[in-house]
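Residue numbers (this note's numbering), protein chains in the order written: chain A, 2 to 346; chain B, 2 to 105; chain C, 657 to 759.
Do not take every clue at face value.
[To be verified] Per the computed footprint, the stretches of chain B lying under chain A, defined by three or more beta-carbons under 8 Å from a beta-carbon of chain A, are: (1) 12-18; (2) 23-34; (3) 46-57; (4) 74-85; (5) 90-102.
[Said to hold, decoys possible] Cross-link-like lysine to any residue pairs, in silico, SDA-like; alpha carbons within 20 Å at most: (6) Lys722(C) / Lys23(A); (7) Lys23(A) / Ser8(B); (8) Lys722(C) / Pro216(A); (9) Lys697(C) / Cys738(C); (10) Lys722(C) / Leu217(A).
[Claimed, not checked] Example chain A residues on the side facing chain C (calculated, C-beta under 8 Å, incomplete): (11) Leu76; (12) Gly204; (13) Leu206; (14) Leu210.
Treat the hints as calculated values from the structure; they're not laboratory data. If you're wondering where the values come from, they're calculated on a predicted model, not measured in any experiment. Heads up, the beta-carbon is just placed ideally off N, CA and C, and yes, glycines get one too.
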Amino acid sequence: MNPLEHALDTLLCLLLLVLAWKALRAEHLYQSAIFFIAFGLGMALAWVRLAAPDVALAEAAIGAGLLGVLLLDSLRVFSRPPNGSGKARQNTDPGDAETATATTSRHPGARATRLLATAAAAGLAAVLVTAIVRIGDGGGLTEEAAGQLEGSGVEHPVTAVLLNFRGYDTWLEVGVLFLAMLGIYCAGGWVGLTGGREPDSPGPLLSWLIRGLTPLLILTAAYLLWLGKEAPGGAFQAGVLIGAAGILLRLAGYPLTAHLSPGMVKLGLTLGFGTFLVFGIAALIPGGAFLEYPEYWAGEIILLVETAAAISIGFTVFAFFAYLSSRDGSPSEEHNSKPSTTNSD
Amino acid sequence: MTAPVESYQIYAVTAGILFSMGLAGLFLCGHFFKKIIATKILGTAVFLLFISLAKRDFVEFADPVPHAMVITGIVVAVSAGAFALALARRIWNETGRSTFEDSQ
Amino acid sequence: MNAADALTVIFCLAGAVFFLAGTVGLLRFPDIFSRLHALTKADNLGLGLIVIGLIFQSDSLAAILKLLLIWILALAAGSNACYAIGRFALARSPQDAVREDDP
Chain A
2 MNPLEHALDT LLCLLLLVLA WKALRAEHLY QSAIFFIAFG LGMALAWVRL
52 AAPDVALAEA AIGAGLLGVL LLDSLRVFSR PPNGSGKARQ NTDPGDAETA
102 TATTSRHPGA RATRLLATAA AAGLAAVLVT AIVRIGDGGG LTEEAAGQLE
152 GSGVEHPVTA VLLNFRGYDT WLEVGVLFLA MLGIYCAGGW VGLTGGREPD
202 SPGPLLSWLI RGLTPLLILT AAYLLWLGKE APGGAFQAGV LIGAAGILLR
252 LAGYPLTAHL SPGMVKLGLT LGFGTFLVFG IAALIPGGAF LEYPEYWAGE
302 IILLVETAAA ISIGFTVFAF FAYLSSRDGS PSEEHNSKPS TTNSD
Chain B
2 MTAPVESYQI YAVTAGILFS MGLAGLFLCG HFFKKIIATK ILGTAVFLLF
52 ISLAKRDFVE FADPVPHAMV ITGIVVAVSA GAFALALARR IWNETGRSTF
102 EDSQ
Chain C
657 MNAADALTVI FCLAGAVFFL AGTVGLLRFP DIFSRLHALT KADNLGLGLI
707 VIGLIFQSDS LAAILKLLLI WILALAAGSN ACYAIGRFAL ARSPQDAVRE
757 DDP
């Protein structure tokens, strides 16, 4: 092992620990969010160091990028008085809401509790580290995966696992995304994708960038999708790029989904889950198992399923953002401000 | 340590520490927002351990099964985080509360 | 070490120097605008130098074009982020933005 690489790994790990610590201990929520995004990007570097470029792409796009956008967008909400001002009893001062530690220190025994919890966490860390150091070699599935790669229809092992060997994982994951989207819709939305707040004017430079970037984002998404067959890339990374394009367009004031009928939006949201289901059931007909693709067509089926999944993931990711931010535009805004544009979905 | 330290072991140990930090943060941080971040750090630590162990028997490529599961996991974790954010925002908007503590 | 490797080392080191300078500027400069100046200028140039350094290591035209595309995208995104932060700072409070740390 190269000592220089060792130093790099150690430095990166220390950086990750410091960033996580700062994210948890920062005084203001804004600092917390920024440190967390930096932590996500540091994690992406760590994934690359651990020979997991697929995970790095997913982390950078989804973990740091998408969640970062959602976190920053939520700060806007937490930093001002709540909407239902009649019921508001406390924390109307935005500065007060940001001091997260202040609430626990009010109680007399809080300090002792904190010390105890910290000590317990340190003890847990010690136990975990000793246990982890003792984990031996072997026991992986590398050889099995490599042996089966031939008949999977793709050359990249991670894609083979995601879309073929453990296709049901990916199928249900698209389902989880859909479920989370429905949850967000119920908890914060009730406004169709076509409704919601009017975005602020982004200024000439930003709207120029967004107009130039959107086609490139779509192109990159298609490229990543195609690349997934033989190299790191695939449906998730591509889908998040499509979603990112939608979020950028919405931020810039281009009401993207206003041009889509509710039926189209519904179709986009459910396309991935449905395509998985159709091909999964179709695999049962010749006597195979659920989601067991015939060897001859596997490559084509995977590409088709991936494309549908990417479109659905793009729509869902966009819906995350749109539903989260649709309800609370400005404090004076009524909850369902636009009944005329609130469509049936 | 008798055996030379492999690079994956550094990350695995980091994962252990990160996990405890996330767990402590989940209990000790008051604000929902920070609790969500703590949960995310906790989850990331698990992924880090998983991926670092996948590098143990690195031949031509690392073990692809944990990689695929972690990619799935990241997406699921972000979905859960987004849902949690939606709930926290709704609670804040409806009641003006941002912690689980009783007011006064 | 052949000539390409030597060039890579030189350009990447030069890029690292710019990154270091940008980071020092971010930490040491007094207000938002000069910090932005330090950060975006230095980082864009630093990234550019590193991209040039890496071009000597790439073996295909496609890889070179991808590297250049990354640089251009980072330039566009960086200048836009700079613009957005600067605009926000100016709109929020012009005095604070110019002289943040003044007692």
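For this session: Run the structure past the numbered hints and jot down the numbers of the failing ones, going up.
Result: 6, 7, 11
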